[in-house]
Amino acid sequence: MGHIKLTNVKKSFGAVDVIHDVNLEIEDGEFVVFVGPSGCGKSTLLRMIAGLDRPTSGDLAIDGKVVNTVPAADRGLAMVFQSYALYPHMSVRQNLAFGLENTRMPKDEIAARIAEAARMLEIEAYLDRRPGQLSGGQRQRVAIGRAIVRRPVAFLLDEPLSNLDAELRGSTRAELAALHARLAATMIYVTHDQVEAMTLADRIVVLRAGRIEQVGTPLDLYNRPANRFVAGFIGSPHMNFLEGTVEAAGPGRSVVALAGGQKLELPSTGMAGARVTLGVRPHHITLGRSESSLSAKLTLVEALGAETVLHADLSGQKILVVAPGQHDLAPGESIDLSLAAAPIHLFD
Amino acid sequence: MSGIVRFLTRRRGGKGWHWTDIVTWAWLIGGLLVMFGPAVWLVGSSFKSPAALAEFPPTILPYVTQKVTVEGYDKPLDLYEATLEDGSTAVLAEVRRIGVVSQMVDPKDPGEIVKVNIAKRTPVREMSFATDNYTEPFTHFDFVRYLWNSVFVTVTATLITLVVNSMAAFALSKYEFRGRTMAMLLILATLMVPLSVIMVPLYSIVSALGLFNNLWGVILPTVATPTGVFILRQYMLTIPDELVDAARMDKASEWQIYWRIILPLTAPALAVLAIFSVVWRWNDFLWPLIVLSRKELYTLQVGLSIYSGELNVQWHFILAMTVVTMIPVVLVFIFLQRFITTGIAGTGLK
Amino acid sequence: MRTHNSGKSSLGALVMAPIHFLMGILDAPLRWLQRATGIGGMAAFFLMPNMLIFGIFVLLPFFINFAYSMTGGTALFLPDRTFVGAGQYARLFDCRSYLDPGSCAEDTFWTAVKNTAWFVVLQVTLMILVSLVTALILNRDLAARSFWRAVFFFPVLLSPVVVGLIWKWILQRQGLLNFGLYGLGFDPHVWLNDRNWAFAATIGVSIWAHMGFYTLILLAGLQAIPKDLYEAAEMDGTRPARAFWRITLPLLMPNLLVVVVLVLIRAVQIFDEVYVLTGGGPGTSTLYLTQYIYETGFAAQLRNPGLAAAASILMGAVLVVLTLLQLGLGRSEKKGGRK
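Chains as they are written, first to last, in the UniProt record's numbering: chain U, 1 to 348; chain F, 1 to 350; chain R, 1 to 339.
Think of the hints as simulated: they come from the structure by calculation, not from any bench.
Any given hint could turn out to be false.
[Stated by the list, open to error] Think about it this way: if two alpha-carbon atoms lie no more than 25 Å apart in a straight line, the pair counts; the simulated SDA-like pairs of lysine to any residue are: (1) F:K115 - F:R97; (2) R:K227 - F:R338; (3) U:K107 - R:A28; (4) U:K107 - R:W32; (5) F:K120 - R:F179; (6) U:K107 - R:M23.
With the rest of the complex left out, here is chain U (with noise of 0.2 Å):
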C-alpha cells in the first residue's frame, strides 16, 4: 500500500502559477526523491500531496482513490518537517504518542509502538525528555519517529537533514537508506541537494519552475540527462557546458569547431552550422596529450589529495576537470586535455 498517482495537477497562488501540469506516478515502496533550487515548487508538491495545500485543478490519488478533497489528517501519510516541528510543550514520548492518540488507539498499543520506534531509532534514552533538551541529529530522530509510529501509508520528507551539520548528514543519510529497507514504505523525499538525492532515491524527479525536467533512476539522470538543466543540477561538480558549431557533419563522425577556435571531433552531431553546446563531466576527463587533445591555460589548483580540481580557460571558455591522484601544476600553465574517452552530451 502507497501508490500515489498525480494527475495534471497544477497550484497557482492568486495569479502566480507555482505548479504547472505534473503528471507522477509514485510505486509502493519507492522512494522518490524531488529535487530542484529553491522556488521549484519541490516542497508545495509534496504539501499537496499531504493535503496541507489543495492543488487548483487535477487529481492527486492514493491507492487509486481520489483525495483532493480529503483533509490530511485523513490520507493515512506522516510527514517529517525541515523545522522538524516537535510540539516543544510536550516530551519525547508524548510526541510520539499524540497522533496515535488522536486515533483512539488503545493505551498498550500506542506504548508497543512508541517502545518499537524508540529502540529502532535508538532513542530509548531521552523519551522523557522535550525537544529544547536534544542536540540537532536527536531531534531529528524524534521526528522521523513521530513518523515511524503511525505506521503511514507513505512517509513524506521535506529537507530532512538541512538543519544537520555536514557530518551528522552523512550519516543520517545512511540511516535513512536502511530504514527504507527496512521498512519498505514508500518515501517521498524533498530536497534541493543532488547528492542526498543521488544516494538516496529509487527514482529522482527534477523540477525547475514548477515543471518536471526529467525523472528517472540517479545514473539515469546521470548518464542521460534530458537537457541541459537536469545536466548541470545532477553530479558534482558541475558538467561543462562547451559552447560550439558544428562544421562538418558525417555519418558516425562530425567536427564541433568550439567558441575560441579549438576543433574537437564526435561521433555524431546534428546538422552542419548548427550551434550546440556540448556538456562533459570534469571526472571525464583525462590529462595529457593525444593527437585530438584541447589546450587550456590553468587559472587555479585545488589539491585535494586523492584528486586534483582544475580550473581552466579553454579559449575562452572555462572548464574543469577533476584529475585523479596529484598532480604537480600551477596556474598559468598550459595543460592538454583529452575528451576521447568521455561521454559527451549534446545539447540545442
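Given chain U, work out where chains F and R should sit, using these hints.
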C-alpha cells in the same frame, strides 16, 4: 550601613554633588512620599476608631481613650488625666459632661463626684487597632456580597476573555481566509470606541438582552478586548506554522490544534493578558455603576462609591473596605510589577 | 525549555485536568463541525464568539448611537422613541454666547465642555511635564532604578474609586493635608468645598494616578537612545542642556507624541476618580463631559438618552480626531525616517 548609603547615593563619574543630583534625589524622595504616603495614611487611618477619625489634628497612629468599668455605672467610662483645683493631677473617669464642666469620679473610690473644667482634663490614651472596622462590614453590611460579586465578575470575565480572545487570535494568526485583514482592522478600530461614547445605546442593548441588574451584563461587554486579541495574535505569529501542519498530519482536529498545541505555547502571553484583565475588571467602575442598580449586585467599586457618597459617611468602614479593595491590586503590584512594567514598555498598552 | 520539577507539574496537572476534560468533551462535536464545514469553517468558528461580542456590544451600539441622538423622550428602547431629527444637537448648541455657559439652553453641557477643556489643557501639560521629568530622572545612572520605577508606577494599578477615596480622605477637613498645614501654622481648609481647589485637586489626583504609566513609556523611549550618541556629544564638547534639546528630545519625539495623544484621549474622557472625589462639585465646578453624559442619560430625574447620545457623539468626534492625529503623526514620523 555607610556602604548602603554610599551605594544608594552613587553618582555618575564619582565627582562631587552636581545640582542635578540634588534635584534627582529631592524628586525621588518626594515621589516616594507622595506616591506611597496617601495609601499608607489610608491604611493607618483604617485602624482608627470613629472618635479618633473625627479628631483634629489627627494622630499618626491609632489611639483610643482608655476606658474603665467603675462600680455603680453600667457602661465603661472614659479615663482622663485631670488637673484639680489644688494644682495636683489625678486620673479620673468621666461620668457625664454638662457644658464646660465635666463630672468625674475616681475609679478606685467612685462615691464622690469631682467637677472639672473640660479644658483642664486630657484623655488617657492607649494605642489600639480598631479591627472592628474590618470585621463589622463583613458581618453587618453587604460587604461580603460586594466582594463576592467583584470576585465573580473578575474571574469569570478573565476566563472568558482568555478563551474568546485566544480563539480569535488563533483564527487571525494561523488561517488564511478572505476578510482576515478586514476582521483585524475591525477589531483594532473598536479601540477608538470607548465606553463613554456608547454608554447610552449599550445600556439599551444590555437591557434588551435582559442583562440589566445582572452581573453578566457587566461581564459580557468587556470580554472581547481588542488589546487582548492583538497581543495574543502577535505572540501566536511567532509560533511556527509547521507545528500546525505537523498536528494536522498527526490527525489532530482543528480544535485540538487550538487547545493542545497553540494554547500551551501561548501561555506567556495568556499570563500577561490574564493579569491585565484581572486588574481591569477588578477596577471597572462606570459600567457596573450603570448596569447595577440593586444593592445586592454591587461590585466593590460601586458599593464603595455609593457608601462614600452618602450624606453621613461612615468613614471608619469606608476606609477599611477601601483597604480590602486595594489588597488584590497591591498583591499584583508586589509580585508581578516587573512583569507588568516590561509588558507595558514593550506593547504600550494598559 | 526547562524541565519542570515534579511537584510543580503535578500541581499544574491538577489545575489543568478539568480544563482538559472540558476541552476534550468539546472535541467530538467540533470534529463533526470540521467535517461538515472544512478548515475554513473552523476559522470562522474560532472567530465567531469574538466577532459576536464585538458586534453586539461595540459595533451595534456605535451605530444605533446616531439613531438615539436623533430621537427624543425618556423611553429606553429605540422603537418607542420619537424622531426629532437634529433637535438634540440644536438644543446642545442653543447658546447666545458660546463663551458663557449661562446663556445656553443646556447650560450644564457647556459648563462641562468648558471645565473639560480647561482640565485637558492643564492636566495634559502638567502630566507630560511631570512624566518627562520623572522619566529623565529615572534614566540617570541610579542605584535601584527598578525600585524607583515601581514607586512611581504604584498608583497606576489602583482602581479609580480607591484613588478617589484615598484623596477624598486626605483633602477632607481632618485630613492629612490640613494636618501638615496645621503643623506649619495654617488654619484647616475644606479643600473640596472650594471651587478652585476642587478643580485643582481633580487635576492633581488624575496626574498622581496615571503619571507612572506614561513615565514608563517615556523611560522605555529614553533607554532606547544609544548611549554612544551622548558620548560622541561629550567628545564634541556639547553641554548637557544642549544635548537634551538636540539629542534626547528629537529621538524621544515618537514616544512623546504617543504619550501626548494617549493623555489627551484619556483626559477628555475623565470620569471615575473625579466622580468619587468631588462628584462634579462643588456646584458644577468639576463637572466633566463623561459625567454630564452619564447623568443626562442615566442619573438625572428626567433622563434624556437622546441628549446624552448627541453629547457622546460630539465627544466621540473629538476622540476620533485625536486618534487620527496620532496615526497621522505616526505616519509622518515614519516617512521622515531616521534623523
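Verification of the supplied hints:
| no. | hint | verdict |
| --- | --- | --- |
| 1 | F:K115 - F:R97 | holds, 9 Å |
| 2 | R:K227 - F:R338 | holds, 23 Å |
| 3 | U:K107 - R:A28 | holds, 19 Å |
| 4 | U:K107 - R:W32 | holds, 24 Å |
| 5 | F:K120 - R:F179 | holds, 24 Å |
| 6 | U:K107 - R:M23 | holds, 20 Å |
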